[in-house]
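Just so you know, the sequences run in chain order A and B. Those letters in the first sequence? Residues 0 to 491, by numbering that gives the first Met the number 0. Those letters in the second sequence? Residues 0 to 491, by numbering that gives the first Met the number 0.
Please keep in mind that the hints were generated in silico from the structure rather than gathered at the bench. Please note that a few of the clues may not be correct.
[What the hints assert, rightly or not] Label-pair ranges, simulated between beta-carbon atoms:
id: 1; chain 1: B; residue 1: GLY245; chain 2: A; residue 2: GLN306; range: 28 to 36 Å
id: 2; chain 1: B; residue 1: ALA220; chain 2: A; residue 2: PRO460; range: 47 to 55 Å
id: 3; chain 1: B; residue 1: ASP385; chain 2: A; residue 2: ARG101; range: 56 to 64 Å
[Claimed, not checked] List of simulated lysine to aspartate or glutamate pairs, EDC-like, C-alpha gap at most 20 Å:
id: 4; chain 1: A; residue 1: LYS162; chain 2: B; residue 2: ASP283
id: 5; chain 1: A; residue 1: LYS360; chain 2: A; residue 2: GLU232
id: 6; chain 1: B; residue 1: LYS162; chain 2: A; residue 2: GLU286
id: 7; chain 1: A; residue 1: LYS162; chain 2: B; residue 2: GLU57
id: 8; chain 1: B; residue 1: LYS162; chain 2: A; residue 2: GLU395
id: 9; chain 1: A; residue 1: LYS162; chain 2: B; residue 2: ASP109
id: 10; chain 1: A; residue 1: LYS360; chain 2: A; residue 2: GLU395
[What the hints assert, rightly or not] Some residues of chain A that are not near chain B, with every Cβ distance over 12 Å (derived):
id: 11; residue: ARG11
id: 12; residue: GLY70
id: 13; residue: GLN306
id: 14; residue: SER333
id: 15; residue: GLY409
id: 16; residue: ILE456
Keep in mind it's a predicted model, so treat the numbers as computed, not measured. Cβ atoms here follow ideal geometry from the backbone N, Cα and C, with glycine treated the same way.
2 protein chains.
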Amino acid sequence: MGQVTAGRVLERLAVRFREILGDAAVIDDPARLRTYECDGLTYHRAAPGLVVLPESAEHVAAVVRACVAEGVPYVARGSGTGLSGGALPRTDGVLIVTSRMRRILSIDLDDQRAVVEPGVINLDVTKAVRSDGYYYAPDPSSQQICSIGGNVAENSGGAHCLKYGFTANHVLACEVVTPDGEIITLDDGPGYDLLGAFVGAEGTLGITTKITVRLTRSPQAVQTLLAAFHSIEEAGEAVSAIIGAGVVPAAIEMMDALAIEAAESAVACGYPAGAEAVLIVELDGPEPEVAHQFEQVQALCGHAFEQRVAAGDAERALIWKGRKSAFAAVGRISPAYIVQDGVIPRTALPQVLARIDRLSKDSGVRVANVFHAGDGNLHPLVLFDDAEEGAGERAERVSGAIIDLCVEHGGSITGEHGVGVDKSRYMPRMFTDTDLDTMQMVRCAFDPPGLCNPGKIFPTPRLCGEVPRVRKADEPFHRPAPEAPAAEGDLY
Amino acid sequence: MGQVTAGRVLERLAVRFREILGDAAVIDDPARLRTYECDGLTYHRAAPGLVVLPESAEHVAAVVRACVAEGVPYVARGSGTGLSGGALPRTDGVLIVTSRMRRILSIDLDDQRAVVEPGVINLDVTKAVRSDGYYYAPDPSSQQICSIGGNVAENSGGAHCLKYGFTANHVLACEVVTPDGEIITLDDGPGYDLLGAFVGAEGTLGITTKITVRLTRSPQAVQTLLAAFHSIEEAGEAVSAIIGAGVVPAAIEMMDALAIEAAESAVACGYPAGAEAVLIVELDGPEPEVAHQFEQVQALCGHAFEQRVAAGDAERALIWKGRKSAFAAVGRISPAYIVQDGVIPRTALPQVLARIDRLSKDSGVRVANVFHAGDGNLHPLVLFDDAEEGAGERAERVSGAIIDLCVEHGGSITGEHGVGVDKSRYMPRMFTDTDLDTMQMVRCAFDPPGLCNPGKIFPTPRLCGEVPRVRKADEPFHRPAPEAPAAEGDLY
Chain A
0 MGQVTAGRVL
10 ERLAVRFREI
20 LGDAAVIDDP
30 ARLRTYECDG
40 LTYHRAAPGL
50 VVLPESAEHV
60 AAVVRACVAE
70 GVPYVARGSG
80 TGLSGGALPR
90 TDGVLIVTSR
100 MRRILSIDLD
110 DQRAVVEPGV
120 INLDVTKAVR
130 SDGYYYAPDP
140 SSQQICSIGG
150 NVAENSGGAH
160 CLKYGFTANH
170 VLACEVVTPD
180 GEIITLDDGP
190 GYDLLGAFVG
200 AEGTLGITTK
210 ITVRLTRSPQ
220 AVQTLLAAFH
230 SIEEAGEAVS
240 AIIGAGVVPA
250 AIEMMDALAI
260 EAAESAVACG
270 YPAGAEAVLI
280 VELDGPEPEV
290 AHQFEQVQAL
300 CGHAFEQRVA
310 AGDAERALIW
320 KGRKSAFAAV
330 GRISPAYIVQ
340 DGVIPRTALP
350 QVLARIDRLS
360 KDSGVRVANV
370 FHAGDGNLHP
380 LVLFDDAEEG
390 AGERAERVSG
400 AIIDLCVEHG
410 GSITGEHGVG
420 VDKSRYMPRM
430 FTDTDLDTMQ
440 MVRCAFDPPG
450 LCNPGKIFPT
460 PRLCGEVPRV
470 RKADEPFHRP
480 APEAPAAEGD
490 LY
Chain B
0 MGQVTAGRVL
10 ERLAVRFREI
20 LGDAAVIDDP
30 ARLRTYECDG
40 LTYHRAAPGL
50 VVLPESAEHV
60 AAVVRACVAE
70 GVPYVARGSG
80 TGLSGGALPR
90 TDGVLIVTSR
100 MRRILSIDLD
110 DQRAVVEPGV
120 INLDVTKAVR
130 SDGYYYAPDP
140 SSQQICSIGG
150 NVAENSGGAH
160 CLKYGFTANH
170 VLACEVVTPD
180 GEIITLDDGP
190 GYDLLGAFVG
200 AEGTLGITTK
210 ITVRLTRSPQ
220 AVQTLLAAFH
230 SIEEAGEAVS
240 AIIGAGVVPA
250 AIEMMDALAI
260 EAAESAVACG
270 YPAGAEAVLI
280 VELDGPEPEV
290 AHQFEQVQAL
300 CGHAFEQRVA
310 AGDAERALIW
320 KGRKSAFAAV
330 GRISPAYIVQ
340 DGVIPRTALP
350 QVLARIDRLS
360 KDSGVRVANV
370 FHAGDGNLHP
380 LVLFDDAEEG
390 AGERAERVSG
400 AIIDLCVEHG
410 GSITGEHGVG
420 VDKSRYMPRM
430 FTDTDLDTMQ
440 MVRCAFDPPG
450 LCNPGKIFPT
460 PRLCGEVPRV
470 RKADEPFHRP
480 APEAPAAEGD
490 LY
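Same shape as in the complex, but just chain A:
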């Protein structure tokens, strides 16, 4: 579709949407459209052609049907805090923003569930039930602002997903507007578990309009330890020892010296001076269990040069403040950065950290490490100065090499941020063409014209009109072994 034609179609849709949703729910002023041009990953930008602010599932379904009838792509957006460009708009399309769908529809404490609209802020679920002794477990660092609908799209995790699991483990049902504008309910009942496939599909299989979430009992006791180490290896060994002892902490987070420096400069969290690495280990559960296991954890962190135990909620909040602000804080020590989200088997932590360190030294590109150590989910922050010629490309190469390291060690290109537009190019490093094709068959089943959040996840979109894929009889049976990585020196 030419740009002029696309513009006319969008104008026509704007008129239609004003009739259905009301004037105030449709945005087509270019200046206002620009405020939606990116999500939390700001180096992918595209202003939407049109923005709508629906207030109900019926609104969303009407918008989707109109888009499909006109052949116009559409993208859903919650609070826009995603870190993979999953909500990157289309300039020739419609952005469906759920910020007016913020009602908590019902709370059922007896059956430990709540029904919420997709625009509801993550932390607001917890706030609504905290005084009754419950909370909503998934806690991304952005939980004060991110939406439950966005969490569903990205299958968001958080510091405590080591013990409590990801969003998928806490969503019991979703009402979904499918890519042909029907409203269905997905739950974990009989038949196919399409709820599981929908959660984490990054908005490519439809738009959720109502979510039933599980409420978790607030633990009787919580204990938080901040342990400071002279080397990152010692911290890594402490993580292995804790997990190896059969303890399942609510969270084990690690930060290296550069990440600590950034956090200190931003929020003055007062971590022990001279630490090359800190661990935050949190235990929760029944009082006697926590007391017993906390003693074990402290013994297993015996190589720490300092251990601080949070004396109460205020001290615990201060310990977490450094960790949760780490990403944003990196802005204090570097003009620009790339954040990665690789996963490795926990047992590979020491080797991979050493390799990242060598990559950083060899290339002269600084890498700050902040991560969910307990489940091997790394968040290396690759720092660069975007005013310096070629610095972005160098950082990009280091970032890609880190992803290769993760895949090489049997890990994954993303732990909790999703693939989005940003990591689709890495998908072939993990999946064969056949694997990817199988996923796209499902996408085509839901969305034959391919209008629902196109351009995300898959490196090469499949045309759904194709005849069933050709079977390759001589195809390897297993995912190919990763190629030997290039000698690291070759990368620069």
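With the hints as your guide, set chain B onto chain A.
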């Protein structure tokens, strides 16, 4: 396809399969074929047209490709212990039995996982790692004989899934032969979570040939309580009180008087005489937690007229023996029975049990209740004498009415046994046509000719060649409220 033609095609396939798999791996002798005519649900029977015993993924893929080329349906079977007819063969098709794929391929204790072939027996995984302090958590009552591949197909649960979850929570990856004979790997990495949709798809989306399972640390301590009550209401209230107190036992099982009678007559488990209901409550975890919570549980079972604490593994095994043998034991007190597998919100337990009791009294059909009380998964055993005219139909009506009760209370038609051939007719009681159609779109994406375990799950198979479904603009947005149940007296 006429019967004669089907017979010729199967003969041709038998020749081909003997070439590929060897003579001993192909069964076409009618007497031997009959041994495969049903699974654990013996009132659906159909002898397969041909049986093959593959030894590798390549074998399975070759069989599937040949079936697809000839347009012949095929069904996979593990140990045949399923309770919904999910592995019911096709007389015009091929049964792929995985009993020769029984190797445990690797065990990785550091990363707490094992890779096994689909024919591996559930309990054999635990046996292989028990001395190292690990076990495989899902424990269906048939765990001494059922296969991991079958567990994957049915997303099997077990007594301990209250705390530890179902098979889906313990499977990290599956190698799968797709319905067009390709071999792919599904895991919970980036992209769509098709692993979640595959687990529990009852063999309709492909056949798993290699499974990576999670190994769980053996708990430090286990405590088991047998509590006997004078009424089933008191037992139900104890369950609510335990869960309400925030305790998450490894298992809470309930048996009523008729189930106890059956178990006593079969295995002499020696439960307290005069009990109208018994609860088995098991706690596991770190020693101090278990000790503390066990005191709580005993106090919350204060209305029990007798409480027995298992003094060790032998006594624990005896307590469990009665429960685990309950289904088979019912054969001692009734010539025939139907086992249901409905789910209700735990909070509805007392009302639903009272309604089942009334149904039983009004109809004169005996119902024995054995169930996973902690997660509201009922297993009513509807007893009848198949020699008595009309008794089967009466039992069937009571059984259907129980399912209606479950749906009416916001529950499900199956908790862990699957839909199979047996419960497909109940699917419309839970799902709208649009919901079912969405599931079938996915099936069509995987299996356009519909040859992979056809006739299971869906009440009315969709023809995959159809143009995309017609959107019904006036369709209700939500699952319709269940219709008011017929007055129970009307049923008989």
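Practice task
Return holds or violated for the Cβ distance of B:ASP385 and A:ARG101 against the range 56 to 64 Å.
Solution key: 58 Å, holds
Problem - Beta-carbon spacing of B:ALA220 to A:PRO460 - inside the hinted bounds 47 to 55 Å or not - result: 54 Å, holds
Handout entry: Given as non-interface: A:GLN306, which should sit over 12 Å from chain B by C-beta
Key = At about 21 Å from chain B, A:GLN306 clears the 12 Å cut-off, so the statement holds.
Exercise for the section: Verify the proposed pairing of A:LYS162 with B:ASP109, using a straight-line Cα cut of 20 Å. Expected result: Distance ~18 Å between A:LYS162 and B:ASP109 Cα, so the pair holds.
Practice task
Mind verifying the non-interface call on A:ARG11? Its CB should be farther than 12 Å from each CB in chain B.
Solution key: 20 Å, holds
Problem - Whether A:SER333 stays farther than 12 Å from all C-beta atoms of chain B, as the label says - result: 27 Å, holds
Handout entry: Given pair status - A:GLU286, B:LYS162, alpha carbons within 20 Å
Key = Holds: B:LYS162 and A:GLU286 sit about 19 Å apart, inside 20 Å.
Practice task
Hey, is A:GLY70 genuinely clear of chain B, shortest beta carbon separation above 12 Å?
Solution key: 15 Å, holds
Handout entry: 20 Å Cα cutoff - pair A:LYS360, A:GLU395
Key = Given pair A:LYS360, A:GLU395 holds - Cα atoms ~15 Å apart, limit 20 Å.
Handout entry: Hinted pair A:LYS162 and B:GLU57, Cα distance within 20 Å
Key = 38 Å, violated
Exercise for the section: Would you assess whether A:GLY409, listed as outside the interface, keeps its beta-carbon beyond 12 Å of every beta-carbon in chain B? Expected result: 9 Å, violated
Problem - 20 Å limit on alpha-carbon distance, applied to hinted pair A:LYS162 and B:ASP283 - result: Judged against 20 Å, a Cα distance of about 17 Å means the pair holds.
Comparing the model with each earlier hint shows violations of hints 7, 8, 15 and 16; every other hint is respected.
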